[in-house]
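Asks: In case you want the letters, here they are:
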Amino acid sequence: MPVEMDAPPAPAPAAAPACMEIRDLSFSYGSNRVLSEISFTVPTGGVTSILGSNGSGKSTLFYLMTKNLRPQSGQILLDGRDIRNIRARDYAQQVSIVNQANTINGDITVERIVGYGRTPFLTMIRRPGPEDERLVEWAMQITDVRKYRDKPFSQLSGGQRQRVWIAMALAQNTRYLLLDEPTTYLDIRYQVEILRLIRRLNEEFGTTIVMVLHDMNQALHYSDHLLCLRDGHVIAQGCPHEILSPELITRLYDVELRVLNSEHGRFVLQI
Amino acid sequence: MTPAAPARRRTAALRTTLLFAALLAALIVLFFIAVNVGSLQVGPLQLIRGLFIAYDPLVSTVFDLRIPRVIIAALAGAALAISGVLLQAVMKNPIADPGVIGVSSGAAFAAVIATATFPLLYFFTPLFAFAGGLLAFALVYGLSWNGGLSPLRIILVGVAINAMFTGLTSVFTSYSGGNLSGVAAIVDGNIAMKTWGDVNTLFWYVLIGLVACGFLTRRANLLALEDKTMRSLGVSVNKSRLLLSFVAVLLASIATAIVGVIGFLGLIVPHIARLLVGSDHRVLIPFCIALGAFTLLLADTLGRTIAAPYEIASGVLMAVAGGPFFIFLLRRDRGSYAS
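Chain order of the listed sequences is A and C. For what it's worth, the working numbering labels the leading residue of the first sequence as 1, then goes sequentially. For what it's worth, the working numbering labels the leading residue of the second sequence as 1001, then goes sequentially.
No lab work stands behind these hints, which were simulated from the structure alone. Note that the structure is predicted; figures quoted are calculated from it, not measured. Note that beta-carbon positions come from the ideal geometry of N, C-alpha and C, so glycine has one too. Check each hint, because a few of them may be wrong.
What the hints assert, rightly or not - Cross-link-like lysine to any residue pairs, in silico, SDA-like; alpha carbons within 25 Å at most:
hint, chain 1, residue 1, chain 2, residue 2
1, C, K1228, A, T123
2, C, K1092, A, R112
3, C, K1239, A, N102
To be verified - Label-pair distances were calculated between CB atoms; the ranges are:
hint, chain 1, residue 1, chain 2, residue 2, range
4, C, G1323, A, M124, 35 to 45 Å
5, A, G30, C, R1282, 39 to 49 Å
6, C, Y1175, A, R33, 57 to 67 Å
7, A, R258, C, L1329, 53 to 63 Å
8, C, M1193, A, G30, 53 to 63 Å
9, C, L1207, A, G55, 53 to 63 Å
10, C, D1280, A, C19, 38 to 48 Å
11, A, S154, C, L1242, 27 to 37 Å
12, A, K147, C, R1282, 23 to 33 Å
What the hints assert, rightly or not - A short, non-exhaustive set of chain C residues, derived as facing chain A with CB atoms under 7 Å:
hint, residue
13, Q1046
14, K1092
15, L1225
Could you put the whole structure together from the sequences, leaning on the hints where they help?
Replies: Pasting the structure below:
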């Protein structure tokens, strides 16, 4: 069956200028304030990494951006609309999400899981058609999980599993891709594979990417923009090579580390 | 695409089609056997002639006495199997069963009270049962919820709720002297003495439940995902859980109102069906309808045969077969359930 493998996804509707903006966002768990008036504009067509220590509020911010939590004050705007007013299904047609440490119950094959990515576009009457199949094939191809398509999820390795979840998100064919610590718990080989894949998605298909990352060097090398959080406040944002300094690292993580400049770029010596 | 993919998919589809055909054939054969078990015998040809062409006193007797029983066993079996499938999807728990977690005994309790108190509202007994089933389900769900649903906690709470409603039913039947025949049948899970009126009642409620279930297959599949992942696909997790639970409790309660408490069927049938046709609910649900019908009809027919002229209630038979099966499942997958 001839399938154009490297065909990019169908062009996203080019109506209003695509834009995701966080405006004066605050959130508390009870009396514990985790985010205080965060403001940030996600650079369209770029890769943004959110950095911060445990408890800095980065996970909460991710949950707010994925509509798993509702902001108590402030807004998150997608193309000028408050995402609270966007139906989950419409949001899923524009923003795809890769959650952390994701699992599935029972023995479901890779192909079926990736196929679930088409859910936001299906209705009781509209069943998967050739276009849906093409996108599922494309997503499996680009994440290199096609050879496991008939394998049950439980038989995959950690790196393969993560690629399946990314494939599912890609099958949604959205303009935005949000990832929560996509490399955590993976061997270094898979970490690099996943980050290269994310970079490639951004470069080839113009997908706007926002991810929460743990590793400063990965953030430095695979993103165009950093959002640094501490105690629920934005303490720095901008181009990683410009802002990531020993002083910022100390403010972020309470630890003194050296930043080295080499012919291959900047590195944080994480020891 | 690997060239083998379409061929492999065709093989899988063919296998499923053959399994469906075999099951339906077995169901038809079992139907004729079930109609003929007992003191009166009619062959398939005589039966069809007697029903559609010319009056036949023998066929007429069988038609009034045995056929309703056979149809009721099949309908109730289908309803209980589907109830099990849906509860297992909602609770992410392959050992959930309307009998084990107390939904059936809640329904039976309400049905017993309704039968004894308002005998004239006979046609509405299933609705009372439904209310009882919902109450039991809400109790189990609410009491085992602790930021998530641990499979084992559901079973433990379910066993307690089941014991409570079974006890309440016993108390009530003791007070009323235990001589109400309708009440006794609900308690024992016995399909004897059923009429075409019962068929009529059961048929419409089960039909509604099964049709509703046909619209819920995609949600049932997606519930295998984590809640946040399902949400990220734009599907409401709570709404899905609510809808599926509602239909599951409806089917189990209706079946209980007519045939009484029958445990383990909702556990055994989906389990075997998953081994045969896989876990995709678009295939699993239709297959369980047929396999559930077959299983309860088989249990009822065996119950009439083994100790003839006495009868063993199909609920008793299912419990005898289902108990060991349940333990087998628990032991085999201990790693995944004992969390």
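Asks: Each hint needs a verdict: does it hold in this structure or not?
Replies: Outcome of the hint check:
1. C:K1228 to A:T123: Judged against 25 Å, a Cα distance of about 20 Å means the pair holds.
2. C:K1092 to A:R112: holds (18 Å)
3. C:K1239 to A:N102: holds (21 Å)
4. C:G1323 to A:M124: 35 to 45 Å: holds (40 Å)
5. A:G30 to C:R1282: 39 to 49 Å: Holds, at about 43 Å.
6. C:Y1175 to A:R33: 57 to 67 Å: At 59 Å between Cβs, range holds.
7. A:R258 to C:L1329: 53 to 63 Å: Given a distance of about 57 Å, which is inside 53 to 63 Å, the answer is holds.
8. C:M1193 to A:G30: 53 to 63 Å: holds (60 Å)
9. C:L1207 to A:G55: 53 to 63 Å: Holds, at about 55 Å.
10. C:D1280 to A:C19: 38 to 48 Å: Since D1280 of chain C and C19 of chain A have Cβ atoms about 39 Å apart, the given range 38 to 48 Å holds.
11. A:S154 to C:L1242: 27 to 37 Å: The hint (27 to 37 Å, Cβ to Cβ) holds, given that S154 of chain A and L1242 of chain C are roughly 28 Å apart.
12. A:K147 to C:R1282: 23 to 33 Å: Cβ of K147 of chain A to Cβ of R1282 of chain C: about 25 Å, so the range 23 to 33 Å holds.
13. Q1046: Hint violated; Q1046 of chain C Cβ to chain A Cβ min 45 Å, cut 7 Å.
14. K1092: It holds, given that the least Cβ distance between K1092 of chain C and chain A is near 5 Å, below 7 Å.
15. L1225: holds (6 Å)
Hint compliance for this structure: hint 13 alone is broken.
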